[in-house]
Amino acid sequence: MQKFKKLFYSQKVAPFVFVLPFVLSLLIFWAYPLISGIVMSFQDISFGNRTFVGTSHYVKLANDKFFRTAVLNSVEYMALTLLLMIPIPLVLAVMMESRLTKAKGVWKVIMYIPALTSVVISGMLFRMMFSESDGSQMNQLMIALGHTPIAWLKTKWTAWIALLLLCMWRWTGVNMLYFVSGLKAIDNSIYESADIDGANARQKFWYLTLPLIKPTTIYVITISVYAGLSMFLESFMLWNGNSSPKNIGLTIVGYLYKRGIEKNDLGYACAVGMVLMVIALAINVVQLIATGTFKREES
Amino acid sequence: MKKTWLSVAMAAAVMAAMPFAAMAEEGEATAVTTVGPEDGTHFEMWSFVDAHNEFYGKMVELWNEQNPDKQLNVTFSTYPYSDMHNKLMMSLQAGSGAPDMCDVEIGQFPNYTGDDTPLYALNDALAPYEADCVTSRLDVYSKADGTRIGVPTHVGASVMYWNAELLESYGLDYKSVKTWDDYTALGEQLKEASNGEVFLTSVDTGGVDWMWIAMAEYGDDWTGGPDGEPNVELDSVKKMMTMQKQWLDDGIAMISTDGHIDLEAGFKNVSEGKVASFPKAMWYMSRFTNYMPEMEGKYDITTIPVFEEGQKYSVGIGGTGTVVTEQSADPALAAEFLAWAKLSKEGESYIWSVLGFDVCNSALWFDDEFAFDESNQYNTFFRCKPYEVLQQIANDDAIGTIYSTKVSPTLNDYMCTTTLNEVFEDGMDIDEALAECQEYLEMELM
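Those protein sequence lines, which keep their order, are chains F and D. Heads up: the first sequence runs through residues 2 to 300, numbered per our numbering. Heads up: the second sequence runs through residues 546 to 991, numbered per our numbering.
I should point out that these hints are in silico values taken from the structure, not numbers from a laboratory. These numbers were taken from a predicted model, which means no experiment stands behind them. Honestly, I wouldn't trust all of these hints.
Claimed, not checked - Using 30 Å as the maximum straight-line C-alpha spacing, the simulated DSBU-like pairs for lysine-lysine come out as follows: (1) F:K61 x D:K688; (2) D:K784 x F:K61; (3) D:K843 x F:K66; (4) D:K819 x F:K247; (5) D:K783 x D:K843; (6) D:K783 x F:K264; (7) D:K603 x D:K615; (8) D:K819 x F:K264; (9) F:K264 x D:K930; (10) F:K157 x D:K603; (11) F:K247 x D:K951; (12) D:K813 x F:K157; (13) F:K264 x D:K688; (14) D:K783 x F:K247; (15) F:K215 x F:K103; (16) D:K813 x F:K247; (17) D:K720 x D:K688; (18) F:K66 x D:K951; (19) F:K66 x D:K784; (20) F:K247 x D:K603.
Claimed, not checked - To list a few chain F residues with every Cβ distance to chain D over 10 Å, as calculated: (21) L8; (22) S11; (23) F19; (24) V24; (25) E77; (26) L126; (27) L154; (28) R171; (29) V175; (30) Y179; (31) E193; (32) R203; (33) N248; (34) L251; (35) L267.
For each residue, glycine too, the CB sits at the ideal point set by N, CA and C.
Next comes chain D alone, as it looks inside the complex (with noise of 0.2 Å):
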């Protein structure tokens, strides 16, 4: 009898240990670099973006030739995005191991917003930059107090992208679409020029770009914000849902490749002009340089169509939240740091020069020597100036607000993986999916 439980402790124990053999593949830091005198304040920084870190590193040299007596001496890693993101959770949870810095991509945000938050308030650092910058960037990584734990990296403002090239061939004006109505015209001319084999964009199954856009235009949040309830059942929502369907229908569109574009397959749809215009965020001219350096002077970037006019038509997507940890020996003087580094003029430079970002301190977009500076890649690569748009932008104050909450994961998740591919690839009614959405997440709050 003894030998049967052993027999059945020891499987107990192999299926036990399954899911940690699962995990051992996980990678150490791809690169460990230190910047700065021995004798200067040390910090430990990790991020998921080498050149995040690269430009992190920059900025400690020029903090340490601005300010003799805070010197710093920064230990910068890089890991790849999801163990990162574990290790930090990890060594929160756990009350020590953690970095002073940290990179949080907003998807992980929510995880750090609650009110036992180990995250250091960064309401005094950010002060002084607080007036120039776009508000809605720091609520994001706001806890619902308004605490701010996170310095934002870039606004991520949506703008449409257009194959300027591929649409003029065909006789065909993209520059007076002002309405999805006179999108959708165009989707028909488009159909027709070129029999079918170009569609006008690509609708995603694996991402909710397109039903931020029409929240923001419609001035709805399906999270319900800091304090609301979530809410997916909107008309603006449903709108969308409903047009691009329809644009299936009628072979204006494709269903983008892989459930969205910011993927090798959508790189490949876009530089073979099989799409011809789709909506992104500013941070998308980086994919067109780094992966399809071939589409120079093709692309044009103007602002995103309208259900109605005078609606707001810009929304901020995705970003990175750089937080301080509670287990930081000197917190003020990161949290100081990280407010100069990402938000003051000479870190927005780098930023904006050679990450290619949409920065988040907006006096700057008005400012022609940094914005329209000709040696910038970004200045020349596309028909137009980026900071033209985002100038227009900021003039018609178009900039919606979607806020990430406790419910965000689940709620993308479930657009993501379920919903959206109801709805467009199995043909499933709109409300009906939409409804069954709002009971998972009704269930989920529970």
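Bound conformation, chain F alone (with noise of 0.2 Å):
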């Protein structure tokens, strides 16, 4: 007893004791599914049977069109909300931090709601807001601009404008709180010496605030890849089920849960899990390596 209250108090083991929650849970819900998926998406799985099965399912896979699709729209709607929701909201962070706005928290408020609200409910509302029938709010607009109504969700590019419309209007706040608690860091000071050095306002963002901002610009990025990579209940909700016209709305995560949950086929759906998994990684870890991130950490 007495040995183990000295167990208990040693200063070498006690930080053992705070990070053992933190690896643990770190085993239990990452390690392990991990690594279960990778074995499972060698396996066929059936009611308590499990078979090997090879490579076979990354062989179907390479000539799955349905997956192709998946992964060329996951690809573009990442790449698509980069290019929305990286300049946007720093252009809104920026003008929230200028002297010249009035109301700021009043703002910050607002844009902050829709993130609060379920994917579940906004994504209903643009269901009904984009429906192809007269009555809707899209279309209503369009009648009174003089065109006919459009089915918004049966093409792609017209499904694309409300898919990310859904993501703009959800996320933008977010990612713009983000960029303006960057731009508290900044100090000051620099800002009142590009004064005296004479800078407009123009120079003072494109040489001062972007480079300063580079962390929280790369962080943003970094979840952003992840985010527009795995969405899926964006597309789920918009089209009431996993299904879309022509597939308009299909992403890799979309692809995993039908294949995985509709249709049973769980070590298919691990294969797909394993594909988008490297997807993201590659991408994320050649974004880093791009903007200096390891180096930095490095030296």
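Hey, can you piece these two chains together into the complex? The hints should help.
See below:
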């Protein structure tokens, strides 16, 4: 007992006890599912039975045109969200920090509120707004503009307007807050000395704000890359299920869900998940190397 | 260097967690109730429809009255559709945590019909009712070797719904329509009379009911049945698609808003008189009473037109098979209760009067007291008594069978996302679109 007590109060053991919850949750909720996912991707799984099938799932994946559509859609979605969701929130954040803006708190709250609504509800609202019936808001607008009603969710580019708007509506406020906090960390005296040197507003943004806010930008890009690649619920809610006309809304995770849950083929779904992981990792590692994140850590 | 690896590991951890985060929004059971004495045999039962669990609850009370020696104590949980099916699948895969009894929607059923099914065989329990039942409905919830693993709820016989008031206002006679040629001719007349404002029907891009009807009429089945190979390049399917495409080109029909007519947008088209008729299963009647009560007395129900006289003209569409899992402590008792609850006269009366379904026990279709009860809302809502149509279907032996097999989910998915859209929205050649679908299915089965 005494020995146990000693061990418990030992300064050497204490740090391990403190990190134990994190290590345990990493092992249970990350390492175990990851390893078991890798193993399952080489298996056929049915009720209580598992048989190894070698690389046949991956061979099938290579020829699966639905999977190709899903990968293309996810990558396109990621790229487009990056194009929209980095510059716009950044500009908004700079505007929020400007002395000319009144009632900043009110704006921030308004911008942030959509992030608090459930995707299920916002997806439903967008589905109704973009419905192909004459009575939907968007078609009312089209009619008012003298255009015929559009079947928004049946062609790719019109449907993607809805999808990207939903994304922007929901996440602009969040990304903006990241940038606002990044801007707050910049020392004001730097701007003052730039003023003395005669820099104008554009130059200050370009040569001071952008480089100084880079860590925040890298963080936002990193989370946006995997948020974009793993998008699922938005498309699921917008089309009221996992099926969209000609699969214009099919994403990698949507395909994983379709295979694993809807078609009871967990082995194949795991192979899909592995490919998603590899793509996301590759993009992020390239991005982190390109932005010099690793270099700075090592020096 | 170590830190590099840590960064990569952290990034991977967050990514790996993303799909789980996406699914974390799924809900808890919306309703949990327990019926029966505490010392009775305890069962867990899941459904995705609250009304179904209410029905089972009533049947447990009745069962306990009639069977003092076999008292039941059942806990019912209602979950949203996909939640419930996911939970069931996971608990059966894992080997524990599954309920004793559970509703399974027909589209999900092929997931359980393999050789290693974790579901209890119901053949013995169903035996007393089998002779009176519509066999095709028992077949769709069976394994390839004939083992019954699900108790059907309804037939889902497809019939034709007509906006009689609207058609009469244009002086058109829908009752004499017997073939699809007659139907097309009526469409031309309606287009002329209404200046193209009213469409005769709406063509689905997100549902395969029309194709099922065509196959039933020609005795085809694109799944190939339990042992066969799938084949979508069927003449019956091509005929239906060609005819529908012609309707669209001629302005007789519209494309169903949002894909098919069993959605909010579809109810709107029906209740606003934008479409004058459509084929749908009998269970669509409850959509009228629930979502379009203002249509009372306006709609009529008849049989569906045929391509050639003498063909079958109905097919069972949709449905729920209730199963008993192998994990149950007393599967024989659960099976006996289920078969009784869903197929006996007591159970079927409730299914017809409250849920509004065409019951599987077809002996009751000819029981006037059962079928034509004036206190049943469905008997007064429409311009005919629904069971009159069912009697005609039974007399003509007019119900065809389309199986749900392993390929069904993939087939339906491809049709509803791709083929029907390509043909009706993009004007793609029908043979080409079907060949593409066939190619995909063959690749899938590899």
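Now for the hints, and whether the structure bears them out:
With a C-alpha separation of about 27 Å, the suggested pair K61 (chain F) and K688 (chain D) falls inside the 30 Å cut-off, and the hint holds. Distance check on the hinted pair: K784 (chain D) and K61 (chain F) sit about 33 Å apart at the alpha-carbon level, beyond 30 Å; violated. Of the supplied pair hints, the one linking K843 (chain D) and K66 (chain F) is violated, its CA atoms being roughly 47 Å apart against a limit of 30 Å. About 26 Å separates the Cα atoms of K819 (chain D) and K247 (chain F), which keeps this hinted pair within 30 Å; it holds.
Between K783 (chain D) and K843 (chain D), the direct Cα distance comes to roughly 33 Å. Violation of the 30 Å bound is thereby established for this hinted pair. A C-alpha spacing of about 27 Å is found between K783 (chain D) and K264 (chain F), which places the hinted pair at or below 30 Å, so the restraint holds. For a cut-off of 30 Å, the pair hint linking K603 (chain D) to K615 (chain D) stands: about 16 Å separates their Cα positions. Taken as a hint, the K819 (chain D) and K264 (chain F) pair is broken in the structure, with Cα atoms around 36 Å apart against an allowance of 30 Å.
Distance check on the hinted pair: K264 (chain F) and K930 (chain D) sit about 39 Å apart at the alpha-carbon level, beyond 30 Å; violated. Of the supplied pair hints, the one linking K157 (chain F) and K603 (chain D) is violated, its CA atoms being roughly 48 Å apart against a limit of 30 Å. For the suggested pair K247 (chain F) and K951 (chain D), the alpha carbons sit about 22 Å apart, so the restraint of at most 30 Å is met. As the CA atoms of K813 (chain D) and K157 (chain F) are separated by approximately 25 Å, the hinted pair is consistent with the 30 Å bound.
Distance check on the hinted pair: K264 (chain F) and K688 (chain D) sit about 17 Å apart at the alpha-carbon level, within 30 Å; holds. Restraint check for K783 (chain D) and K247 (chain F): the C-alpha separation of about 20 Å stays at or below 30 Å, so the hint holds. Taking the CA atoms of K215 (chain F) and K103 (chain F), the gap is near 27 Å; set against the 30 Å cutoff, the hint holds. For the given pair, K813 (chain D) sits about 25 Å from K247 (chain F) by alpha-carbon distance, which is consistent with the 30 Å threshold.
At roughly 40 Å between alpha-carbon atoms, K720 (chain D) and K688 (chain D) are farther apart than 30 Å, so this suggested pair is violated. Proximity of K66 (chain F) to K951 (chain D) is assessed by CA-CA distance (about 20 Å); at most 30 Å being required, the pair is judged to hold. For the hint pairing K66 (chain F) with K784 (chain D), the CA-to-CA distance comes to about 28 Å; that is within 30 Å, so the pair holds. For the hint pairing K247 (chain F) with K603 (chain D), the CA-to-CA distance comes to about 44 Å; that exceeds 30 Å, so the pair is violated.
No beta-carbon of chain D is positioned within 10 Å of the beta-carbon of L8 (chain F); the least distance is around 28 Å. Chain D leaves S11 (chain F) outside its interface by the beta-carbon criterion, the shortest separation being 26 Å against a cut-off of 10 Å. With a cut of 10 Å on Cβ distances, F19 (chain F) stays outside the contact zone with chain D, its closest approach being about 18 Å. For V24 (chain F), the condition that its CB be more than 10 Å from all CB atoms of chain D holds, with the nearest at approximately 12 Å.
The Cβ of E77 (chain F) sits about 18 Å from the closest Cβ of chain D, beyond the 10 Å cut-off, so the non-interface label holds. Once the 10 Å rule is applied to beta carbons, L126 (chain F) is consistent with being away from chain D; the minimum gap is 13 Å. A beta-carbon of chain D is positioned within 10 Å of the beta-carbon of L154 (chain F); the least distance is around 8 Å. Taking the minimum C-beta to C-beta distance to chain D, about 14 Å, the non-interface status of R171 (chain F) holds against the 10 Å cut.
Non-interface call for V175 (chain F) relative to chain D: holds, since the shortest CB-CB distance, roughly 14 Å, exceeds 10 Å. Against the 10 Å criterion, Y179 (chain F) stays outside the reach of chain D, whose nearest CB is about 15 Å from its own CB. Remark: the non-interface label on E193 (chain F) is consistent with the geometry, its nearest Cβ contact in chain D lying 35 Å away (cut-off 10 Å). Listed as outside the interface, R203 (chain F) is consistent with that label: its C-beta sits roughly 34 Å from the nearest C-beta of chain D, beyond the 10 Å cut-off.
Chain D draws N248 (chain F) into its interface by the beta-carbon criterion, the shortest separation being 5 Å against a cut-off of 10 Å. Remark: the non-interface label on L251 (chain F) conflicts with the geometry, its nearest Cβ contact in chain D lying 8 Å away (cut-off 10 Å). Not every CB of chain D is more than 10 Å from the CB of L267 (chain F) (nearest about 7 Å), against its label as outside the interface.
Checked against the numbered hints above, the structure breaks hints 2, 3, 5, 8, 9, 10, 17, 20, 27, 33, 34 and 35 and satisfies the rest.
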